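A.B. asks: Listed below are the residues making up each chain.
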Amino acid sequence: MKSAVIVFPGSNRERDMLYALEKITGEKPIAVWHTETELSKVDLVVLPGGFSYGDYLRTGAIAARAAIMDDLRKKADQGVHVLGVCNGFQILCEAGLLPGILVRNSHLKFVCRNVKLEVANANTDFTRKYAQGQVWRCPVAHGDGNYFTDAETLARIEGENRVVFRYAEGTNPNGSLNDIAGIINERGNVMGLMPHPENEIEPLNGGTEGRNLFESVLEAVA
Amino acid sequence: MIPNDIKITPELIAEHGLKPDEYQRILDLIGREPTLTELGIFSAMWNEHCSYKSSKKWLRTLPTTGPRVICGPGENAGVVDIGDGQAIIFKMESHNHPSYIEPYQGAATGVGGILRDVFTMGARPIAALNALRFGAPDHPRTRHTVSGVVAGVGGYGNSFGVPTIGGEVNFDESYNGNCLVNAFAAGLADADKIFYSQAKGVGLPIVYLGSKTGRDGIHGATMASAEFGADSEEKRPTVQIGDPFSEKLLLEACLELMASGAVIAIQDMGAAGLTCSAVEMGAKGDLGVELDLDKVPCREAGMTAYEMMLSESQERMLMVLDPAREKDAEAIFRKWGLDFAVIGKTTDDLRFLIKQHGQVMANLPIKELGDQAPEYDRPWVATPKPANLAPSDVPVPDDLAEVLVKIVGSPDQCSRRWVWEQYDHLIQGNTAIGPGGDAAVIRVGHSGKALAFTLDVSPRYCAADPVEGGKQAVAECWRNLTAVGAEPLAITDNLNFGNPEKPDIMGQFVGCIQGIGEACRALDFPVVSGNVSLYNETNGKGILPTPAIGGVGLLPDMSKRATVAFKAEGEAIVVIGETRGHLGQSIYLRDILARREGSPPPVDLAIERRNGDFVRSEIRAEALTAVHDVSDGGLYLALAEMAMAGGIGARVEAPKDIPLHAWAFGEDQGRYVVTLPEASVKGFLERAAKSGVPAVRIGATGARELTLDGCNPISLQRLKDAHEGWLPAYMAAAPAEAL
Numbered sequence: 001m002k003s004a005v006i007v008f009p010g011s012n013r014e015r016d017m018l019y020a021l022e023k024i025t026g027e028k029p030i031a032v033w034h035t036e037t038e039l040s041k042v043d044l045v046v047l048p049g050g051f052s053y054g055d056y057l058r059t060g061a062i063a064a065r066a067a068i069m070d071d072l073r074k075k076a077d078q079g080v081h082v083l084g085v086c087n088g089f090q091i092l093c094e095a096g097l098l099p100g101i102l103v104r105n106s107h108l109k110f111v112c113r114n115v116k117l118e119v120a121n122a123n124t125d126f127t128r129k130y131a132q133g134q135v136w137r138c139p140v141a142h143g144d145g146n147y148f149t150d151a152e153t154l155a156r157i158e159g160e161n162r163v164v165f166r167y168a169e170g171t172n173p174n175g176s177l178n179d180i181a182g183i184i185n186e187r188g189n190v191m192g193l194m195p196h197p198e199n200e201i202e203p204l205n206g207g208t209e210g211r212n213l214f215e216s217v218l219e220a221v222a
Numbered sequence: 223m224i225p226n227d228i229k230i231t232p233e234l235i236a237e238h239g240l241k242p243d244e245y246q247r248i249l250d251l252i253g254r255e256p257t258l259t260e261l262g263i264f265s266a267m268w269n270e271h272c273s274y275k276s277s278k279k280w281l282r283t284l285p286t287t288g289p290r291v292i293c294g295p296g297e298n299a300g301v302v303d304i305g306d307g308q309a310i311i312f313k314m315e316s317h318n319h320p321s322y323i324e325p326y327q328g329a330a331t332g333v334g335g336i337l338r339d340v341f342t343m344g345a346r347p348i349a350a351l352n353a354l355r356f357g358a359p360d361h362p363r364t365r366h367t368v369s370g371v372v373a374g375v376g377g378y379g380n381s382f383g384v385p386t387i388g389g390e391v392n393f394d395e396s397y398n399g400n401c402l403v404n405a406f407a408a409g410l411a412d413a414d415k416i417f418y419s420q421a422k423g424v425g426l427p428i429v430y431l432g433s434k435t436g437r438d439g440i441h442g443a444t445m446a447s448a449e450f451g452a453d454s455e456e457k458r459p460t461v462q463i464g465d466p467f468s469e470k471l472l473l474e475a476c477l478e479l480m481a482s483g484a485v486i487a488i489q490d491m492g493a494a495g496l497t498c499s500a501v502e503m504g505a506k507g508d509l510g511v512e513l514d515l516d517k518v519p520c521r522e523a524g525m526t527a528y529e530m531m532l533s534e535s536q537e538r539m540l541m542v543l544d545p546a547r548e549k550d551a552e553a554i555f556r557k558w559g560l561d562f563a564v565i566g567k568t569t570d571d572l573r574f575l576i577k578q579h580g581q582v583m584a585n586l587p588i589k590e591l592g593d594q595a596p597e598y599d600r601p602w603v604a605t606p607k608p609a610n611l612a613p614s615d616v617p618v619p620d621d622l623a624e625v626l627v628k629i630v631g632s633p634d635q636c637s638r639r640w641v642w643e644q645y646d647h648l649i650q651g652n653t654a655i656g657p658g659g660d661a662a663v664i665r666v667g668h669s670g671k672a673l674a675f676t677l678d679v680s681p682r683y684c685a686a687d688p689v690e691g692g693k694q695a696v697a698e699c700w701r702n703l704t705a706v707g708a709e710p711l712a713i714t715d716n717l718n719f720g721n722p723e724k725p726d727i728m729g730q731f732v733g734c735i736q737g738i739g740e741a742c743r744a745l746d747f748p749v750v751s752g753n754v755s756l757y758n759e760t761n762g763k764g765i766l767p768t769p770a771i772g773g774v775g776l777l778p779d780m781s782k783r784a785t786v787a788f789k790a791e792g793e794a795i796v797v798i799g800e801t802r803g804h805l806g807q808s809i810y811l812r813d814i815l816a817r818r819e820g821s822p823p824p825v826d827l828a829i830e831r832r833n834g835d836f837v838r839s840e841i842r843a844e845a846l847t848a849v850h851d852v853s854d855g856g857l858y859l860a861l862a863e864m865a866m867a868g869g870i871g872a873r874v875e876a877p878k879d880i881p882l883h884a885w886a887f888g889e890d891q892g893r894y895v896v897t898l899p900e901a902s903v904k905g906f907l908e909r910a911a912k913s914g915v916p917a918v919r920i921g922a923t924g925a926r927e928l929t930l931d932g933c934n935p936i937s938l939q940r941l942k943d944a945h946e947g948w949l950p951a952y953m954a955a956a957p958a959e960a961l
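As given, the protein sequences belong to chains S and B, one line each in that order.
Count the first sequence with the numbering used here and you get residues 1 to 222, in order.
Count the second sequence with the numbering used here and you get residues 223 to 961, in order.
Bound conformation, chain S alone:
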């Protein structure tokens, strides 16, 4: 599987993501600088975690308007798989590729801890390697992970089964609506989530179930 990781000024988990992708797919992903205007032909584009542009305006707001984003939109329209993790999820929301928004954690503090994630929809290109309802451990590290949207949109994404991951067993770390941790677009090729599956891929991390996410995409594009 060919993959690309978009690097914005202030991205800081891009190296974690590059490492995870290479380890799991066996192919070296390409790092794409935000000023570029065209993504080469890849199967998966990842927007990594971090603090793009310092998160100084609103998380993800400036990155969502970076030069590379026009082509990302095009590629998403063509059905290329797009994954946004943490700041990447925030950018996808700001770019309008996913509905809703990530606002400040309800307790107003940054939080880094392991949470429990329930696979709310195992029938997506990003989750087929999980069992429906499977609960797995995954770290979060964010200050703005509190998913919010209007009631109508919420009802729609819930109705369309587009909530992919939910915080489980009372571990919602940020106050997000309906314990939402990750959602997918209508077409099913663009997903965003706040937790960091790329930091849960080898025994050192204390768990490896983050791999399933990447392996699911690997299988979907094969």
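Be aware that a few hints might be false.
[Unchecked claim] Label-pair distances were calculated between CB atoms; the ranges are:
| hint | chain 1 | residue 1 | chain 2 | residue 2 | range |
| --- | --- | --- | --- | --- | --- |
| 1 | S | ARG73 | B | GLY924 | 56 to 62 Å |
| 2 | S | ASN178 | B | ASP746 | 40 to 46 Å |
| 3 | S | GLU38 | B | GLY524 | 40 to 46 Å |
| 4 | B | SER839 | S | ARG65 | 39 to 45 Å |
[Claimed, not checked] Derived pair list, reagent style PhoX-like, types lysine-lysine, alpha-carbon separation capped at 25 Å:
| hint | chain 1 | residue 1 | chain 2 | residue 2 |
| --- | --- | --- | --- | --- |
| 5 | S | LYS129 | S | LYS2 |
| 6 | B | LYS789 | S | LYS116 |
| 7 | S | LYS23 | B | LYS671 |
| 8 | B | LYS434 | S | LYS28 |
| 9 | S | LYS109 | B | LYS942 |
| 10 | S | LYS129 | S | LYS23 |
| 11 | B | LYS607 | B | LYS724 |
| 12 | B | LYS422 | B | LYS549 |
| 13 | B | LYS241 | B | LYS724 |
| 14 | B | LYS506 | B | LYS628 |
| 15 | B | LYS789 | B | LYS278 |
| 16 | B | LYS549 | B | LYS607 |
| 17 | B | LYS942 | B | LYS628 |
| 18 | B | LYS577 | B | LYS229 |
| 19 | B | LYS942 | S | LYS116 |
| 20 | B | LYS557 | S | LYS28 |
| 21 | B | LYS782 | S | LYS23 |
| 22 | B | LYS782 | B | LYS589 |
| 23 | B | LYS589 | B | LYS557 |
| 24 | S | LYS129 | S | LYS116 |
| 25 | B | LYS577 | B | LYS434 |
No lab work stands behind these hints: they were computed from the structure.
Given the structure is predicted, the values throughout are model-derived calculations rather than measurements.
C-beta atoms are modelled at their ideal positions from N, C-alpha and C, and glycine is treated no differently.
Use these hints to put chain B onto chain S, whose structure you have.
C.D. replies: Chain B in isolation, oriented as in the chain S frame:
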């Protein structure tokens, strides 16, 4: 002669923190009255923070070399060889005064400064830790300071992208008016690609990199070299504002630039900004430096030479560049959206020449600015040795279990989860042991190697007996590294004390240095970098002497590491090291009986080393399932922490030849609690005996409660509730009156 627009008055000299005799020294050195800019430069270079004028004499006595030391004190950070062509670069530095005045920005820029020290030398930061000390919990300002400092540490480190993996948080009334924020950072570099600050070559361009210069932080280092009075609030404008986003860009740009081969010398602009960095680069290289301030990127118009030379705006670097590579270098900085400006050149006349608007604003001898800084042999008196306190002089509690629950949930011993969950401790994906253990462990590359990090000091021990306290700080640091299976390599020290002009305070400093030096020599644990923070006083009252020690250790095979958590039921619990029941200066005495008495537990460095070497060899032989050092709170607290971490209880029996409360809460040094399968206990005890290491089986793991000799069983849930409860409850309580 340079025209001098402003008259240099005794008041102006005093405002610059210079004593009359120090000013006379300036006059003698340059043979004329200095300009205002020059006075500012002298004040920046000769303040305590930058010149180490009170501490130098004593710092020279510390051991700073060793087979693995590539670079000791004197550069931006220390450099230690970790094999395979790799080096670890690390340092710890205080940001105490700014953090008290403006907790968030003070702490944030403390983290930023130390990260810059590390990546200036060519290293990518892989770990950050911090030792934080706050006033008494009931002091009206403490909650505000804790909240701001922790948010600031996290705000900077999280955005920059370094895992913050450990440190210390403690409370004591001596820090009521003067918190301590000691930030540690470590970075990884190729041992043959380390960058230094020494300029080489005449006529080479001096390049300014990073963020623009503003009016923030002017005289920050001078402020940090004075005591606080009632006016400390007014010093807020001397605190710099941090921008972790720019720092992250600066990191990437610097590393890219270094890889390109264009960098001859590089120095970050930290305390005293442009002045200190330019003088250091020139003086170290026996070169003069000429700067044209019209070329300095400024945030605001109309900045004077004085302001530019003293600004402590953050995220800036100064570099001597290979002129043939100037264009490539500039392209790299433009790509990262950072300022890049040639602002001067190296010269052969050993002058520090500052021009603005075509006029000379300062013309000083560059070597003398650093070398001829005053150095003091301040009078000192040794701290009187306190009498030893026998266990029989310490009351026996009615219920040891209740005492343990109280200690487990006390401000200094409770869980720091509330703090470290605000720090991204997992980024980079290499965290093998995160916060909350004896030492944190970070994987290095993929050869199986890892590094261990810890920060330690027991200020109450240092106050009671500075020599023993200094020894103990190093020994505990060494022990914590050992307890995870690491070979201790080297330390950085952050020496926080009160006003050195007071002989008793100076005596604390001298005593601690003596103890640190003794321990470092005995343990082959050299000091490779450090920082001194004096004048930590408010309204004439000093802090407890707090020489924080940051240690780094190496695990050649990360799979052989130990953690504190009990792993399985039915395993034997063994105490390594001799338990005599030393209660003087113990947590039991202080926090349960409200007494601060007696001598601190003595450290026998030979025994410390023997016991530690044995424990490490057993960890590496994979004979042990859990290891925890015994320190604050003694044996019972160590057991409680192991039980809580593993979710498994224990039953232990005390020996009969020692008073139970002294056995339970004594803080004798050189000890570890370990667990291992019952079947291997016999062989283990034999090996210990052969090594001359005291080892006693005291019980076994099991159940969900702690059954300690002489106590009713305590459920783990009750311990955990107490342990995890205090800090969140404290921080959530109604804030004190607005300050």
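A.B. asks: Each of the hints needs a verdict: does it hold here or not?
C.D. replies: Do the hints match the structure? See the list:
Against the hinted window of 56 to 62 Å, the Cβ-Cβ separation of S/ARG73 and B/GLY924 comes to about 60 Å, which satisfies the hint. At about 58 Å, the beta-carbon gap between S/ASN178 and B/ASP746 misses the expected band of 40 to 46 Å. Separated by about 45 Å at the C-beta atoms, S/GLU38 and B/GLY524 satisfy the suggested range of 40 to 46 Å. Take B/SER839 and S/ARG65: their Cβ atoms lie about 58 Å apart, and the range 39 to 45 Å is violated.
A C-alpha spacing of about 19 Å is found between S/LYS129 and S/LYS2, which places the hinted pair at or below 25 Å, so the restraint holds. At most 25 Å may separate the alpha-carbon atoms for a hinted pair to count; B/LYS789 and S/LYS116 meet this at roughly 22 Å. Of the supplied pair hints, the one linking S/LYS23 and B/LYS671 holds, its CA atoms being roughly 19 Å apart against a limit of 25 Å. Simply put, B/LYS434 and S/LYS28 have alpha-carbon atoms about 37 Å apart, too far for the 25 Å limit, and the pair is violated.
Annotation: proposed proximity of S/LYS109 to B/LYS942 holds, straight-line Cα distance about 23 Å (limit 25 Å). Of the pairs offered as hints, the one joining S/LYS129 and S/LYS23 holds, with about 17 Å between alpha carbons and a cut-off of 25 Å not exceeded. Taking the CA atoms of B/LYS607 and B/LYS724, the gap is about 18 Å. The hint holds against a cut of 25 Å. The suggested pairing of B/LYS422 with B/LYS549 holds, with an alpha-carbon distance near 20 Å, which does not exceed 25 Å.
About 16 Å separates the Cα atoms of B/LYS241 and B/LYS724, which keeps this hinted pair within 25 Å; it holds. With a C-alpha separation of about 54 Å, the suggested pair B/LYS506 and B/LYS628 falls outside the 25 Å cut-off, and the hint is violated. As the CA atoms of B/LYS789 and B/LYS278 are separated by approximately 48 Å, the hinted pair breaks the 25 Å bound. With a C-alpha separation of about 64 Å, the suggested pair B/LYS549 and B/LYS607 falls outside the 25 Å cut-off, and the hint is violated.
At roughly 12 Å between alpha-carbon atoms, B/LYS942 and B/LYS628 fall within 25 Å of each other, so this suggested pair holds. Of the pairs offered as hints, the one joining B/LYS577 and B/LYS229 holds, with about 20 Å between alpha carbons and a cut-off of 25 Å not exceeded. Distance restraint check for B/LYS942 and S/LYS116: the Cα-Cα separation of roughly 21 Å lies within the 25 Å cut-off, and the hinted pair is therefore satisfied. Restraint check for B/LYS557 and S/LYS28: the C-alpha separation of about 24 Å stays at or below 25 Å, so the hint holds.
Distance hint between B/LYS782 and S/LYS23 is fulfilled; the C-alpha atoms sit about 23 Å from each other, no more than 25 Å. The hinted pair formed by B/LYS782 and B/LYS589 fails the criterion: a straight-line CA distance of about 50 Å is larger than 25 Å. About 36 Å separates the Cα atoms of B/LYS589 and B/LYS557, which puts this hinted pair outside 25 Å; it is violated. At roughly 17 Å between alpha-carbon atoms, S/LYS129 and S/LYS116 fall within 25 Å of each other, so this suggested pair holds.
With a C-alpha separation of about 18 Å, the suggested pair B/LYS577 and B/LYS434 falls inside the 25 Å cut-off, and the hint holds.
Violated hints for the displayed structure, listed by number in ascending order: 2, 4, 8, 14, 15, 16, 22 and 23.
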